[in-house]
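Number of protein chains: 2
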Amino acid sequence: MKFQLTASDPKGKARAGIITTAHGEIETPIFMPVGTAGTVKAVHFEELRKQIEAQIILGNTYHLYLRPGLDIIRAAGGLHQFNTWERPILTDSGGYQVYSLADRRKLTEEGARFSSHIDGSKHMFTPEYVMDIQRVLGSDIMMALDECTPYPCDHTYAKKSMEMTHRWLARCCTHFDQTEPLYGFDQALFPIVQGSTYRDLRIQSAEKIASFEREGNAIGGLSVGEPHEMMYEMTELVCGILPADKPRYLMGVGTPANILECIDLGVDMFDCVMPTRNARNGMLFTNQGIINIKNKKWEMDFSAIDEDAHADTSRVHTKAYLRHLFVAGEYLGPMIASINNLSFYLQLVKAARKEIIAGNYKAWKERILPVISRRL
Amino acid sequence: MKFQLTASDPKGKARAGIITTAHGEIETPIFMPVGTAGTVKAVHFEELRKQIEAQIILGNTYHLYLRPGLDIIRAAGGLHQFNTWERPILTDSGGYQVYSLADRRKLTEEGARFSSHIDGSKHMFTPEYVMDIQRVLGSDIMMALDECTPYPCDHTYAKKSMEMTHRWLARCCTHFDQTEPLYGFDQALFPIVQGSTYRDLRIQSAEKIASFEREGNAIGGLSVGEPHEMMYEMTELVCGILPADKPRYLMGVGTPANILECIDLGVDMFDCVMPTRNARNGMLFTNQGIINIKNKKWEMDFSAIDEDAHADTSRVHTKAYLRHLFVAGEYLGPMIASINNLSFYLQLVKAARKEIIAGNYKAWKERILPVISRRL
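Protein sequence lines, in the order shown, are assigned to chains F and S. Position 10 (the first sequence) corresponds to 10 in my numbering; numbering is contiguous. Quick note, my numbering runs 1000 ahead of the 1-based positions in the second sequence.
Where hints are given, some of them may not hold.
[Claimed, not checked] Dumping the calculated SDA-like pairs for lysine to any residue here, alpha-carbon to alpha-carbon at most 20 Å:
1. 294/F - 1067/S
2. 294/F - 1296/S
3. 354/F - 25/F
4. 11/F - 368/F
5. 350/F - 120/F
6. 208/F - 186/F
7. 297/F - 1070/S
8. 1296/S - 126/F
9. 296/F - 1296/S
Simulated from the structure, these hints should not be mistaken for lab results.
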């Protein structure tokens, strides 16, 4: 994996770059649609390519490990072969999902023991095993096993957890370096900065993570309920420590506004379920603002869902029609809304990249933020 | 509306023709995907055009009348404008849905009184009102209000019901002829032959319906549980009476085998929820046979869903992947399966048409039937 900086904002810390992987290039800053179970929900792959213009998608190790399971994905020749997505894939380590299982999991120095949300079966994710799993998945970018601390979290727990995450990282790196990819192309491993909302811990963690000198670095444990200002503060702090010549990935973030602000702090990669999950609930991101399409006010609105959208379906279909689909509980509602939201996110980071290169990022951000954040 | 016969099978009664409507031509024999609530479930309109090659779709008067309701569709400028489908649309009269409501409806000479399955609200469909409703929907082909009798049904009831359907038809025609289309293009009205499974009633009804000399004729009250042989017998009988120079539409039929057999009896148009409903349940029609994709046997089958499919998604995705999507309850499963099944149906009638024109229909039918009907 290579990372090349194309441009940096002269007035801030935003950067534009290109990540080169075995499955092609990724222009940063980038948003990665979440494809939990090997499919971005309610979206065809052809739409991901053409209408949404996704450059990389995410797969969830926890979900794929449980279903369809490693035997099937190995037999298919990896996740790319299994689902036909030939562009880059990033897989998480399962750490976040295990964290979300709450009373269904127990963390020890050895790893994370948990019971499946599907059938209650017992499993253990060790740092070594999640490397093996991601070798089987064959993602271009693998993530280290970490513990994602909740918010709020006391300093003592946050420190102990961070230190364990660092020890787990060392084991991940050792195992990663001792194993080979299974499908004839290189995979990269990204470590994850933790430390909750404590400046001292975030500094320690960022320095530690940077010292592993992997091909990219991630920031985890944010967007878990803390105020946005706190998330920005931690992101800025960590970005100042993580090396500038490697991509920085802020995990699980966020709203369009969060993304634009964090690009401004030096983040290059984002993922979030928000555009797809909100789409399925009828919440739309548009170039004119945010729409709850189930609202009665759209019942007779025959204007386009988003007249400025890149996605055909958002320009062709009306708000009244989309509202009808949601009210009637039709599949096509979430299908159109998911394309709309993902396309909006991808066009947003594409525009951000263009403005960074043009040296105009901050002014553009200030102009566009109030427009896209307002509720219509 | 015009109907032109292109070719007739020299060895049987199959015909190939072209129906010309205000929204374009329909090559017959044709299958019409069902778009109940103004959307063919789980399918984008672009896919209906490109991958499925649908030439006409159906809308359900009962559903559209209740939701989104006539005010919205009128304000949109009709159903074509509302859902962006610019090719022909046929709407049913609501008779079949009202029949399906069982204890929620009461039929009188005046019409059908029913309570909504959505909110229990009370409504009345008279022959005149369903003409008005279909004027608002703006379908290219409107259907007369009829009573669809159940199977089995005693001769006395079937006769009384048929006679009422005939009187309702007279009222439909009068009202249709006294009203104007709302959106500047012509609409046609098809009457419906009833008579249950009684030869004498079917003959009477077919003669009566033919005497109205509308632009096409439909056969209703079949595919409601009677044996296939009985359906074929009634269809053959009725096709022998309905005029040859007008399209014949067999309502609610059926399996691929039913369609090929009934084409052979002189039917030109079909509709059925089977390809879409079965798709959502994981039952696939392919050129190699019928597949229950949820079956464990497909778990490791990395062959294409249907290597001979016209639809890209069926050639590109594997059975193992589609099975995974169904097992995981992902939207994309029904989405891919619906395109697969509808595409299969449309390619089947397209092939039938080609073979009729080539004078080879019966031989082709005998060859293909056992292949596409077997369960894999």
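Consistency of the hints with the structure:
A C-alpha spacing of about 14 Å is found between residue 294/F and residue 1067/S, which places the hinted pair at or below 20 Å, so the restraint holds. With a CA separation close to 39 Å, the supplied pair residue 294/F and residue 1296/S exceeds the 20 Å bound. Between residue 354/F and residue 25/F the alpha-carbon distance is near 16 Å, which keeps this suggested pair within the 20 Å criterion. Taking the CA atoms of residue 11/F and residue 368/F, the gap is near 17 Å; set against the 20 Å cutoff, the hint holds.
With a CA separation close to 42 Å, the supplied pair residue 350/F and residue 120/F exceeds the 20 Å bound. Between residue 208/F and residue 186/F the CA atoms are separated by roughly 24 Å; this puts the pair beyond 20 Å, and the hint is violated. For the given pair, residue 297/F sits about 17 Å from residue 1070/S by alpha-carbon distance, which is consistent with the 20 Å threshold. For the proposed pair residue 1296/S and residue 126/F, the alpha carbon gap of about 30 Å is over 20 Å, so the pair is violated.
For the hint pairing residue 296/F with residue 1296/S, the CA-to-CA distance comes to about 45 Å; that exceeds 20 Å, so the pair is violated.
Hints 2, 5, 6, 8 and 9, counting from the list given before, are not met by this structure.
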